[in-house]
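Full structure from sequences and hints, please.
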Amino acid sequence: MRNTKLIIVNIARAILAITFIFSGFVKAIDPLGSQYKIKEYLEAVHMSSYIPEWTQLLLSIGLSAIEFTLGILLLLAIQRRKVSKLVVAFTAIMTLITLWLTISNPIQDCGCFGDALKLTNAQTFSKNIVLLLAALVLVKWPLYQARFISKTNQWIASNFTIIFIIVASTLSLYYLPIFDFRPYFVGQNIKKGMEIPKGAKQTKFKTTFICEKNGVTKEFDEHNYPYNDTTWVFKDSHQEVIEKGYEPPIHDFAITNDATGEDLTDSILQHNGYIFLLISPFIDQADDTNFGDIDAIYEYAKENHYPFMGVTASTEKSIKHWRNITGAEYPFYTADGTTLKTIIRSNPGLVLLYKGTIINKWSHNDLPQASQLNAPLNLLTIGHEPESNIWEKIVLILLGYVLPLILLIIADRFWAWSVWVRKKEEWIKQKEQWLIKQEREQAEKMFLQAEKAMGNAGKAVSQASKSVVDRLKKEKGNTPPNDKSNV
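Residue numbering for the sequence shown follows full-length UniProt numbering, starting at 1 and increasing by one per position.
Hints in this document: simulated from the structure, not taken from any laboratory. Heads up, a few of these hints could be off.
Lysine-lysine pairs mimicking PhoX-like chemistry, simulated, CA-CA at most 25 Å apart [stated by the list, open to error]: (1) 127 / 140; (2) 244 / 127; (3) 85 / 39; (4) 244 / 191; (5) 85 / 151; (6) 198 / 118; (7) 235 / 213; (8) 218 / 235; (9) 355 / 191; (10) 201 / 244; (11) 140 / 39; (12) 431 / 445; (13) 452 / 466; (14) 201 / 118; (15) 82 / 5; (16) 244 / 206; (17) 355 / 302; (18) 192 / 355; (19) 393 / 118; (20) 85 / 5; (21) 320 / 302; (22) 118 / 192; (23) 5 / 118; (24) 204 / 218; (25) 244 / 192; (26) 235 / 204; (27) 5 / 204.
Written out as structure tokens, the structure is:
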């Protein structure tokens with residue numbers, strides 16, 4: 001029975017630990033993406049305006065750090081009772097939230113795995129039910145979790161984990177996410193990302209038309225719409241997805257010139273050369289610290305005849321304010337704010353396209369410097385798509401976090417083993433001393449018993465001798481005296 005419980009508990013623990021670590025990590029390395037998702041939740045309950053964006057950002061970093069840390073604590077079985085209770089509480093709250101999402105559907109994607117893995121609300125709710133059951137198993141039998149680190153050194157692993165995940169979030173915020181799971185990754189051809197493969201399943205819609213006649217409102221579909229009855233006046237319509245088909249990774253990329261109404265999407269994607277896009281979802285919230293570097297890149301682009309344009313979802317008033325404070329001379333065009341936030345996690349951020357393919361992306365904190373822009377782009381490193389460095393990043397994470405953690409575990413196990421050996425040696429020594437003491441006490445006891453026995457024997461002999469003497473004396477007293485007259 002004990003072995004069965006041990007297996008069940010540690011399987012539940014592994015499921016929870018892996019899920020929490022993966023979920024926490026992919027959100028921690030994309031803090032702005034997590035902030036955007038938190039804002040969606042707040043907007044759904046009409047609370048977004050009450051919580052400042054910097055608070056939402058701190059909340060996104062904090063929640064992902066907590067989730068990742070709980071996963072590591074579970075994996076290493078640190079503070080087993082306390083962590084099991086925290087995991088149950090965390091999972092229960094998430095389950096209730098996803099139940100609300102499943103019923104009300106205010107948000108299409110819960111964001112529990114960031115952009116790395118998309119789940120429907122129903123799938124997320126089912127996943128959380130499984131996790132909640134696993135967490136309840138741990139609360140029932142917390143001490144069946146096999147421990148990897150002794151109590152004495154658990155604080156080292158806990159603090160090291162917290163520091164690591166916060167540093168990872170900070171670096172991803174200052175530069176760009178360490179891993180880019182979004183469809184606008186470096187190397188992606190945007191036009192190809194928008195294509196629907198031949199034979200792919202098409203999304204089916206049901207369109208409902210609302211018409212009015214003589215004050216009576218009625219709904220029609222495309223089959224019974226009163227095309228020939230002009231007495232029905234069209235009022236409104238709405239579409240409902242009845243069967244979802246294939247959706248390309250990029251389906252919302254569009255750039256327009258608000259001044260003329262011209263759609264610039266195709267001309268940008270089909271341009272036979274380089275294009276700089278300065279992306280700012282909302283330019284009134286953009287960081288203007290490095291506007292000098294942006295202006296220098298614009299001057300370089302103008303000298304080398306590379307198109308350079310700002311793309312934003314902001315109003316003309318906000319664009320004008322940006323021009324006033326930065327001296328920007330480049331044109332601004334319009335795109336959807338959500339799309340721009342998806343393209344690059346920086347406000348502003350710089351994207352370099354070549355024939356519709358994303359060649360490079362930079363945060364406003366890491367823009368190319370003027371000293372690097374000393375030749376045409378085709379002769380510069382930044383003008384070519386960098387080699388994939390995913391494995392390099394994985395190795396850095398392994399060396400920076402996983403390896404030290406493994407070394408800590410090995411050192412802790414060696415230390416625990418040495419303590420066990422030392423205690424065993426002390427126990428053996430104490431046992432030997434106890435045995436010697438017992439033997440000594442036994443010998444002393446036997447000696448005392450022998451001495452006592454000898455004393456008792458002496459007393460017995462003395463008493464016997466005394467009784468013999470007394471008897472002889474008595475016998476001598478009873479003998480008649482010698483009659484000297486008869487001699």
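Point to revise | Violations among the numbered hints, reported as their numbers in ascending order | key: Numbers 3, 11, 23, 27, in rising order.
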